[in-house]
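Q: Residues in the sequence shown are numbered from 181 upward in steps of one, following the working numbering.
The reader is advised that the hints may include incorrect statements.
Said to hold, decoys possible - Once the Cα atoms are required to be at most 25 Å apart in a straight line, the calculated SDA-like pairs of lysine to any residue come out as:
hint, residue 1, residue 2
1, K222, A240
2, K249, Y259
3, K229, E207
Said to hold, decoys possible - Derived CB-CB ranges, DEER-like:
hint, residue 1, residue 2, range
4, L208, K229, 28 to 36 Å
5, L208, K241, 45 to 53 Å
6, S195, K222, 38 to 46 Å
7, E211, K241, 28 to 36 Å
8, S258, D236, 17 to 25 Å
9, G231, S195, 52 to 60 Å
10, R257, T194, 31 to 39 Å
11, K222, T194, 40 to 48 Å
12, Y254, R214, 17 to 25 Å
13, I251, T194, 51 to 59 Å
14, A239, E211, 23 to 31 Å
Hint data in this document are derived by calculation from the structure and do not stem from the laboratory. We put the beta carbon where it would ideally sit given N, CA and C, even for glycine.
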Amino acid sequence: MNRYLHVGLVLLATSLVPSFVFAQESELDIEQQRLIKQRDEKLAKAFLKNGDWITDYDAAKKRATESGKLIFGYFTRSYAP
181 MNRYLHVGLV
191 LLATSLVPSF
201 VFAQESELDI
211 EQQRLIKQRD
221 EKLAKAFLKN
231 GDWITDYDAA
241 KKRATESGKL
251 IFGYFTRSYA
261 P
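From just these sequences and the hints, can you work out the full model?
A: What follows is the structure in structure tokens.
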């Protein structure tokens, strides 16, 4: 293989790597923003605003201990990779 062709191919290949990395990061950022928007929309709904919900597990444990009541917990996640 011609030496200049080999050097050119190496330079081309190494110059493409950052573009793939940045493209992947921007896709992750877009997905993260989408999930944040969905979370904020859900938390703004009336059934969550009007209830005396606690979203902090440690705070819920503390209040349950103080009041002598049980914790009703619902655990979920928005995606499964």
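Q: In this structure, is the beta-carbon distance linking Y254 and R214 contained in 17 to 25 Å?
A: For R214 against Y254, whose Cβ atoms are near 22 Å apart, the range 17 to 25 Å holds.
Q: Honestly, do K222 and T194 meet the 40 to 48 Å range at C-beta?
A: holds (44 Å)
Q: For K249 and Y259, compute the direct alpha-carbon distance and say whether it is at most 25 Å.
A: Not satisfied, since the Cα-Cα distance of roughly 31 Å exceeds 25 Å.
Q: For the hint 28 to 36 Å, verify it against the beta carbon of L208 and that of K229.
A: Distance hint for L208, K229 holds at roughly 30 Å.
Q: Should the hint that A239 and E211 are 23 to 31 Å apart at their CB atoms be regarded as holding?
A: Since the Cβ atoms of A239 and E211 sit about 29 Å apart, the hinted range of 23 to 31 Å holds.
Q: Quick check on a hinted range of 51 to 59 Å for I251 and T194, using CB atoms only.
A: Once the Cβ atoms are compared, 54 Å apart, the range 51 to 59 Å for T194 and I251 holds.
Q: Go ahead and decide if the range 31 to 39 Å is satisfied by the Cβ distance of R257 to T194.
A: The hint (31 to 39 Å, Cβ to Cβ) holds, given that R257 and T194 are roughly 38 Å apart.
Q: Could you check the hint for me, namely that L208 and K241 are 45 to 53 Å apart, CB to CB?
A: The hint (45 to 53 Å, Cβ to Cβ) is violated, given that L208 and K241 are roughly 33 Å apart.
Q: Do G231 and S195 keep their Cβ atoms within the hinted range of 52 to 60 Å?
A: Holds, at about 54 Å.
Q: Is the distance from the Cβ of E211 to the Cβ of K241 consistent with 28 to 36 Å?
A: Cβ of E211 to Cβ of K241: about 32 Å, so the range 28 to 36 Å holds.
Q: Using the C-beta atoms of S195 and K222, is the stated range 38 to 46 Å upheld?
A: Cβ of S195 to Cβ of K222: about 42 Å, so the range 38 to 46 Å holds.
Q: Is 17 to 25 Å respected by the C-beta to C-beta distance linking S258 and D236?
A: For S258 and D236 the Cβ distance comes to about 18 Å; the hint holds.
Of the hints listed earlier, those the structure fails to meet are numbers 2, 3 and 5, in rising order.
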